[in-house]
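There are 4 protein chains.
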Amino acid sequence: MYYFNNDYNAMCHPAVMDRMYAISRQHFPGYSTDSCCSSAAALIRKLCRREDLAVHFLVGGTQTNLTVIAASLRPHQAVIGADTAHVQVHETGAIEATGHKVIAVPSKDGKVTARQVEQLVLLHRNDSDAEHIAQPKMVYISNSTELGTIYTKDELYALSEVCNRLGLLLFMDGARLGYALTASDNDLTLEDIATCCDVFYIGGTKVGAMFGEAVVIRNPSIAEDFRYMIKQRGGMLAKGWLLGAQFEALLTDDLYFRIARHANEQADRIRYTLAQIGCRMLMENTTNQIFPILSDDVLKVLAERFTFAEMGRIDEFHRAVRFCTSWDTDPQIVTSLCDALLAAGGK
Amino acid sequence: MYYFNNDYNAMCHPAVMDRMYAISRQHFPGYSTDSCCSSAAALIRKLCRREDLAVHFLVGGTQTNLTVIAASLRPHQAVIGADTAHVQVHETGAIEATGHKVIAVPSKDGKVTARQVEQLVLLHRNDSDAEHIAQPKMVYISNSTELGTIYTKDELYALSEVCNRLGLLLFMDGARLGYALTASDNDLTLEDIATCCDVFYIGGTKVGAMFGEAVVIRNPSIAEDFRYMIKQRGGMLAKGWLLGAQFEALLTDDLYFRIARHANEQADRIRYTLAQIGCRMLMENTTNQIFPILSDDVLKVLAERFTFAEMGRIDEFHRAVRFCTSWDTDPQIVTSLCDALLAAGGK
Amino acid sequence: MYYFNNDYNAMCHPAVMDRMYAISRQHFPGYSTDSCCSSAAALIRKLCRREDLAVHFLVGGTQTNLTVIAASLRPHQAVIGADTAHVQVHETGAIEATGHKVIAVPSKDGKVTARQVEQLVLLHRNDSDAEHIAQPKMVYISNSTELGTIYTKDELYALSEVCNRLGLLLFMDGARLGYALTASDNDLTLEDIATCCDVFYIGGTKVGAMFGEAVVIRNPSIAEDFRYMIKQRGGMLAKGWLLGAQFEALLTDDLYFRIARHANEQADRIRYTLAQIGCRMLMENTTNQIFPILSDDVLKVLAERFTFAEMGRIDEFHRAVRFCTSWDTDPQIVTSLCDALLAAGGK
Amino acid sequence: MYYFNNDYNAMCHPAVMDRMYAISRQHFPGYSTDSCCSSAAALIRKLCRREDLAVHFLVGGTQTNLTVIAASLRPHQAVIGADTAHVQVHETGAIEATGHKVIAVPSKDGKVTARQVEQLVLLHRNDSDAEHIAQPKMVYISNSTELGTIYTKDELYALSEVCNRLGLLLFMDGARLGYALTASDNDLTLEDIATCCDVFYIGGTKVGAMFGEAVVIRNPSIAEDFRYMIKQRGGMLAKGWLLGAQFEALLTDDLYFRIARHANEQADRIRYTLAQIGCRMLMENTTNQIFPILSDDVLKVLAERFTFAEMGRIDEFHRAVRFCTSWDTDPQIVTSLCDALLAAGGK
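Just so you know, the sequences run in chain order A, B, C and D. Start counting the first sequence at 4; every next residue gets the next number (the working numbering). Start counting the second sequence at 4; every next residue gets the next number (the working numbering). Start counting the third sequence at 4; every next residue gets the next number (the working numbering). Start counting the fourth sequence at 4; every next residue gets the next number (the working numbering).
Next up, chain A with everything else stripped away, as it sits in the complex:
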């Protein structure tokens, strides 16, 4: 069976494993106060070209989202997200469990626009009963989004401008940041992101690490006492150097970006083939997630050799599915998938 079901079905990139193996007989102080974490944090500051960034390492995405949001908001404040946002639909109410409402705004492509944020916030502020409504204070975006789309430089700076102007915080979930920054049409840099966002993270779990997300905080009010927040929410890894070591490996020699680019390139090959056979797409994008709409017959055939994720029924005969590539995707297997698609002809 060949695996396109998600981008976290394999342990980690061999270089990550090698790095962990290399330090496996050393002793370290606990709780990310070690040299691996400080070295990885330094690498991240350098990539972002800013010295004023606080960097912390957490194990997973939901944990990171809930810790960041809980650290950022007062109790009556809410976070704005797309109606497809991970925090809205796929975290079992983790944000609400910290006491905060997620205000969902409609989105076709998984993105939130500066205009949506401005309208929502002004509507709230102009309400004579504003105090009876949760106060929008933070904007949550993901890049790439849950639908594989990415933010352009213009879009991100527009969001940043409206957040600054209205006193909101901007938070980017970067669980798949590598895939976003290496997409063929991307014009954003880590530097842009660190400039625009109050806080964001560089996702490891879905981009070659065993596990781990590197939180980067520019806003000092969020950074203050952030380690208390990590500990309180259960995210303080005893052997924290495991996180630092993985990011050291990923951020050395551009590995993080090389493997993400590889995944995108393999996805592009699949997209090209889908276009050839005239396949409709649930969502057009340029990253490692591909969302074709295929007939039940074709999917039945494909399912014999390839794993993929179900996205929902489109009509009586068609379903949308997701194929996902990763650092681990073998080009030859992509060739097999493309051949299978061509043979099926998009029926």
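Rather than coming from a laboratory, the hints here were simulated on the basis of the structure. The beta-carbon is built from N, C-alpha and C at its ideal position, and this holds for glycine as well.
Okay, the calculated bits of chain A under chain D, using three or more residues with CB under 8 angstroms as the criterion:
1. 19 to 25
2. 31 to 40
3. 241 to 254
Following the hints, complete the assembly by docking chains B, C and D onto the known chain A.
Relative to chain A, chains B, C and D alone:
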């Protein structure tokens, strides 16, 4: 100035004041362990024709909603409500502050249907990643709704059936229950409600009391330790007999229903006049809230003599507003309002 | 039966009732945006001799404590209180339900000392694992305390100094503030309290009001968006003018202080009698709560005519109890109680 | 430098690393739905000799504690723990952040007794204001405790009996369970623990794993929907098989117990030496944590070659410290430490 801005702009019905005055020199045990509360609870059980109901008295609606929901759900469980529900849009995230997501379902008339509940719950249960999604467990409805509409007997029993079948809890916010049960087209009784709902409340604040909501709990798992929950959430009134005494007054000689019917009748007169002048309505209903769409010119004239609530702009020249009647609404003033509307001609 | 069980067993002082009756036919805007509340707030600012104070009115003490603390702390921060503090032992975990730890410090007299606060905070800050421990950030004191004792000017200024120096917030629960400020040995003024505390409240429920606590906030970071917090926690009374009107009555012609002084004086009479008969006290104090240790035999006799609260068994033959006076305590009944005590002879 | 500072300063036992390496090229379904987790769960059920146990794998201890407690309690319920309990003193208020009070009972040796639990619960139930006090519902114990002590069979069965009789839940934090079960004077088995506790966990992080705690749930009311709780609290590891694989390795050929016994034996050697030199102990115990009281002079010398943890100053010249052994402790280094202690002579 004449007041149609809401149904809680006057202190309380004179009979409530008289009752409070009558006991003002007595001493009582604290925290609703007094004879007024037990007597009022007995009256409610009798009206509901069930002896197995737990009755508790709280001060206000948001407090009641958050206490009931927090008492009913485990942390990963969510409450389903209309997208117009008070708990969704007008409680500053009070439910989320207890840790629970509110799942909003689209509603044109402020009501939730049995079919919506069933579809949402089955969609969740059939999701292979169900555990990544907050679990829908309770259905929140209000009667009358935030848009003044009411549930029919058929609708309520259908909701109850689907909740029983799927293991959900049914909760009715009755902040305006009096107005619902005395609407001209109502076919529900308190007995029906006590049969169908796991928990509901009989609202006092908006129906003639100074303050107070009587929570009625049929489901023993919610009733267990409910006084702990009231105390923890800050809703345990030291001089609890103030609540009991008010409900004694309201539930004696049918006062609660008589004053609600009065309000509905006055609202019907306004509705009749609005129909005469061909006025469009934001929402058709039969209770004490009336939602006409009127021109800025007409509203400007009306605003000189009458207060009302703004519901939002409809087009360049029109806004929707709310006129609200209550136990306190003087028929002569309604005549004045109707005359003013007829004079304005619905422009 | 004569009532010494608590100071909230009677409805309200007649002047409060009169004031409410006087406005019972008027209409007001909701949610404490009315003229009664603004007038009462102005009276409070004047009494505190500061114009920079935010004043809000809530219904009860636990509600006030949890709202103030939730509004003041970030999630990882804790509140320090005496081990006898209301927030620690008598609010069903209301503070923890907002997510915050209560750090209890040992106290014989219900008070927290500046030295205790300093030691605890420095111990925390010097811990190499400080981040693994909830961060002490606010000091909760009550005046008078749960044991009827009061803070001296020196003690309060010392607490304020240590809080300022260490970046802590100082919060005074004034549920019984009237009794504290009119105690025979009190040297504090409202002005002192407003100077020393970031936030405090003037309790109405236990000092002559039907219900109501007036929160006074000096620290702008707590004051910001405080109405959102009130609403979210269920404390926003629809007919908020009921609160304002009561405080108008209580703060006119010094009524609040006069009735508190009356209660203290009656308590002094009981204390004097207890001293005469050589009765041991659970706690010495000068306010309206009296804590004698009496024999089961004496208590049995007293219980036939007087109500009081149980504080716990002291030895095989003795229990500590609490007698409470209030605005409502009739001097003749105090004479009866004193006579009964003298007759019993403190056995 | 030789490391006795804690039992989680080295990556993992080589057999764990080997197992992870062996599966590093395989693909697995996410979120612990894989074969490694099911196989490890089966091993645990077999060791506990019960088929009715739910087993889940989490990354760390605080995460596990907060998830278990949040899953077990209704909002007004509290957990009882020793005043030295990890949940009370070393988790940054993580339990309170889920809304629950930790009720600390005094303990000299880190243990909670059945008698303490019974007294506390009966005191609460007999209080006429019981509803004003957080309801004790769960007993949290750790084995070995934070002070290295262990529960005897008699003690655990007594706790279990009182919990069953009073309707309480019993939860054992087994972060160091291996060291407890292999202590020279231990008489408990995993089977006893699974019989007595509603829920417990087998700690991996401190006993040879890279990370990971295996939660074992006997009580179906806690087990229900537990995966929702894990996800909501951020503990659902994407690559969950990493957890299963580690426990497979640890539970094969008794490895978990062999390495724990090794650690205890090395600790015994240090204890023997400390006894030889007449050293006072902060706490006597038989597991891998040793708490000697040593002079500043001796500690200064030791600190040049050995790491250890500070436990606090005892008097002007002495401090208590902790030496910790682990699977990784080299007997030759223990010899060096013992030699150093003998040379210093316990001064």
